[in-house]
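Please model the complete structure; the sequences and the hints are all you need to start from.
Sequences listed follow chains A and B, in order.
Okay, so the first sequence: first residue is 1 according to the working numbering, each after it adds one.
Okay, so the second sequence: first residue is 1 according to the working numbering, each after it adds one.
Just so you know, these hints were derived from the structure itself, not from any lab.
Keep in mind that the hints are not guaranteed to be accurate.
Once the Cα atoms are required to be at most 30 angstroms apart in a straight line, the calculated DSSO-like pairs of lysine-lysine come out as [what the hints assert, rightly or not]:
no. : chain 1 : residue 1 : chain 2 : residue 2
1   : B       : 15        : A       : 146
2   : B       : 22        : A       : 146
3   : A       : 73        : B       : 152
4   : B       : 306       : A       : 145
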Amino acid sequence: MSRQISLAFEKAKKANRPALLTYTVAGDNTKKRSLEILNSISKSIDICELGFPHNTPIGDGGEIQTSSYRAIKNGITMNDIFQIVKKFKKGKHSKPIILMGYYNMILQYGENKFLNKCKKTGVNGLIVVDLPWPENKVFAKKCKKKSISFVQLLSPTTSKIRLKKIVKDSHEMIYYISMLSTTGGRLKVSPKKILKNYFNIKKINPKKNCVIGFGITEETISKLKSADGLVVGSAICKEITRSLNNRQNPVTNVSRLVAKLKKKIL
Amino acid sequence: MKIKKNILLIDQHDKNGFWGGKFGGSFIPETLKKPIEDLEILFAKLRNNKNFLLERDKYFKNWVGSPTRFIKLNNLTKHLGGAQIWSKVVSDANGGAHKIYNATVHCLIAKRAGKKYIVGDTGAGYAGKMLSMAAKKFGLKCKIFMGAKDIKRQKPNCDAMRKNGAEIVPVYTGSQTLVDAVSECMRYWVSNCDKTHMCVGSTVGPNIFVKICGWSTSQISRELFMQIKKEFGKIPNKLKLINCVGGGSSSFGFWNEFMHYEKKKVEFIGVEAGGPKKSKRHAAPLTYGSKIGVLHGAMQYVNQNKTGQIEETESISAGLDYPGVSPLHCFLKDVKRARYTAASDEEALMAYQLITKYENLNPSLEPSHAFAEAIKIAPKLNKDTIIVVNSCGDAKKDRDILKKKLGKKYESSN
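Right under this line is the structure:
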């Protein structure tokens, strides 16, 4: 493992704050624009999640779907996405990057070819929404061999025994889904309850970096700041949509939003 | 890869849920792992529970109306002058299509699971209509996800759903057809799986839904098996069972009981939707050699582009308008137990006209695809060959399309 993801968490911990992770869709709304967004927000954040869009997603809410369709409509391909990663990683504000998406896109690209390309371009981690544990065991091992962290997902429905087994098999980072929802749902569970579940997971292995995602916005982020890391996705996609609808520059608007999010967790 | 004897095809998957080691599985978000596992355990228990089976059979008999007719199409046989053409009139079933079997079983399961809400997807509207009927019958609140394009073209079924007290949720994403309805329904379930039961409308989706649906529709071949034996005294030496294939629930149910016969004796022919003659688009992944990919939680042959985006389909029949196909059929194709072919929109319409001209039968556009194949091959075969076509849906729902495509005279017959 290159440990870049772990280092990002260590840095945040030293500053006594959670790591800030953002999710944007590669190619939203163009290839160039999405790279500009990454470059402009990278100084405020610790880790970037970059989505590779798929047109039949079964775990995404409306905001991310809208971003994905925009990117697909503009013809984004997996190779374009690797180019975005490469350029971003070579830039001066480079941050650890986690690609996130659905398994069919990897399958059609070819698992090994995909992982080689990830390694070559500097991808640090992978989240595959529809490849749960234990089905992901073989693929996660392949990732590890290439020094890429496979990020396991946990949810409020994950049983205790399962939690233990998944945490044991996890790499540098685990992702706790805050509630029963697709991405971008309104936070329907109290932050207190989310944190209670979260700390139960932390107890299993306190050394593992665990982030919370789903339903995190400007309003909710500060209440969850005792976590190792927090992921904001739909709120950013929504801001891109709003900016485009109002003919404003999404790059400046998104970086303003991300700066505000950062302030709330300091 | 081989079909095993003495074990149902729905149970011939490995521990990860794959048939033939590669079709099916459960590619699902973590949140659904638990509800799906619960459902697997419950279903495994219920299918061996005498009371549950008695209850199912009671509703199939008294409410669905079992058995549906098995009839000879004398006039059509005479007209085509070859093989004998018979039909299993599954559209006799309450509600007018085979979807009632799966809907009934899912509602019975939902009741046992203590769920008060049930959600489902629909293309032609039959799965939705039946689920709304069954939900009403069993006192469950029901939500149906349906593509906006399908809502427009299958109005009669939408009216029926609303009448049964179901809420129709229009889906505006993507091609606004069945594929998007299934995605949206699964997304809804991700958010509401604690209180809601999900019914997938065909033998598609994560492994357990393929199994429940196949187990339910198998009622069709259980009846047919007895009816054929009674009619011919035995299983004829040359039997061909022709069925349309969209997701594949009616065809699987139509064939299941005959699975272990040699294909020389009992041949399975699946007819997919070829789409308009002039269009490159189709809904026939098995016929036109689509690549294997993941759609709606299962590995299957699926229409997709090089990068893995699912492609839009085109077919006159909303019920067959799906880019993927059941893992069970992928398996049956690869082991060569079934043969798959496609009929175009035009061929299905021609078949519909011929059937309604010669017979007192009103098959919807979906089984009209199957009849198109029967009409094509029957004249080349001798009278010892018995062709049975599953007339799995009634054309009432296709009223508007038929009127538009064929003119006013087809309106009155519906």
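Going down the list of hints, with the structure as the test:
1. B/15 x A/146: Since the Cα atoms of residue 15 of chain B and residue 146 of chain A sit roughly 28 angstroms apart, the hinted pair holds (cutoff 30 angstroms).
2. B/22 x A/146: 25 angstroms, holds
3. A/73 x B/152: 25 angstroms, holds
4. B/306 x A/145: Distance of about 27 angstroms is within 30 angstroms: holds.
Comparing the model with each earlier hint shows no violations; every hint is respected.
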